Amino acid sequence: YQEFAAGYRDTASVAITTGTVTSDAGAGSVYYGVPVVIAATQSDGSVQRFYGCYAVHRVNVPVGDSAPPYPLQLSTANVAQAAADADPGALLAQANALAEARQCGQ
Numbered sequence: 001y002q003e004f005a006a007g008y009r010d011t012a013s014v015a016i017t018t019g020t021v022t023s024d025a026g027a028g029s030v031y032y033g034v035p036v037v038i039a040a041t042q043s044d045g046s047v048q049r050f051y052g053c054y055a056v057h058r059v060n061v062p063v064g065d066s067a068p069p070y071p072l073q074l075s076t077a078n079v080a081q082a083a084a085d086a087d088p089g090a091l092l093a094q095a096n097a098l099a100e101a102r103q104c105g106q
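50 is the number that my numbering gives to position 50 of the sequence shown; each next residue is one higher, with no gaps.
Simulated from the structure, these hints should not be mistaken for lab results. Because the structure is a prediction, the values reported are computed rather than measured. Be aware that a few hints might be false.
Just the calculated beta-carbon pair ranges, DEER-fashion [unchecked claim]:
| no. | residue 1 | residue 2 | range |
| --- | --- | --- | --- |
| 1 | Gln81 | Val59 | 30 to 36 Å |
| 2 | Val61 | Ala90 | 25 to 31 Å |
| 3 | Ala12 | Asp87 | 19 to 25 Å |
| 4 | Ser46 | Gly89 | 16 to 22 Å |
| 5 | Leu74 | Thr11 | 16 to 22 Å |
| 6 | Gly45 | Gln103 | 30 to 36 Å |
| 7 | Gly7 | Gln103 | 21 to 27 Å |
| 8 | Leu72 | Thr17 | 29 to 35 Å |
| 9 | Arg58 | Asp85 | 18 to 24 Å |
Note that beta-carbon positions come from the ideal geometry of N, C-alpha and C, so glycine has one too.
Please put together the full structure from these sequences, using the hints given.
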């Protein structure tokens with residue numbers, strides 16, 4: 001956790017844009033691909049851009065005493081850093097393509 005938190009030490013704000021979410025069901029589960037573009041503004045005003053997709057999982061059958069809707073679990077991610085001046089629209093298109101191809105790390 002310390003290493004993860006240290007990666008955000010100089011981050012002033014984060015803006016996230018999501019693309020077209022994909023889904024795939026099977027064996028009592030639903031898997032979603034969530035394409036994202038992330039713009040992280042640093043405390044010095046510079047911007048770091050990232051793009052990719054997150055794999056999210058939801059159980060589709062009753063678990064214990066839980067009632068629908070069942071919670072979502074962030075399973076894996078396939079996120080890469082882009083150039084600071086990269087076109088956000090082009091990055092979102094790439095992120096959408098990753099999710100469509102089910103390449104979110106699942």
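- Task: Take a look at whether the Cβ-Cβ distance between Val61 and Ala90 falls inside 25 to 31 Å.
- Result: violated, 40 Å
- So the hint says 16 to 22 Å: do the beta-carbon atoms of Leu74 and Thr11 match that? holds, 19 Å
- Task: Using the Cβ atoms, figure out if Gly45 sits within 30 to 36 Å of Gln103.
- Result: At roughly 33 Å between Cβ atoms, Gln103 and Gly45 fall inside 30 to 36 Å, so the hint holds.
- Query: So the hint says 16 to 22 Å: do the beta-carbon atoms of Ser46 and Gly89 match that?
  - Reply: Holds: the Cβ-Cβ distance is about 21 Å, inside 16 to 22 Å.
- For the range 19 to 25 Å, tell me whether the beta carbons of Ala12 and Asp87 fit it or not. This hint holds: roughly 22 Å between Cβ atoms.
- Query: Does the Cβ-Cβ separation between Arg58 and Asp85 fall within 18 to 24 Å?
  - Reply: violated, 37 Å
- Does 29 to 35 Å hold as the CB distance between Leu72 and Thr17, or does it fail? At roughly 19 Å between Cβ atoms, Thr17 and Leu72 fall outside 29 to 35 Å, so the hint is violated.
- Query: How does the Cβ-Cβ distance of Gln81 and Val59 compare with 30 to 36 Å: does it lie in that range?
  - Reply: With Cβ atoms ~32 Å apart, the hint holds.
- Message: If I claimed the Cβ atoms of Gly7 and Gln103 lie 21 to 27 Å apart, would that claim hold in this structure?
- Response: The hint (21 to 27 Å, Cβ to Cβ) holds, given that Gly7 and Gln103 are roughly 23 Å apart.
Going through the hint list in order, the structure does not satisfy hints 2, 8 and 9.
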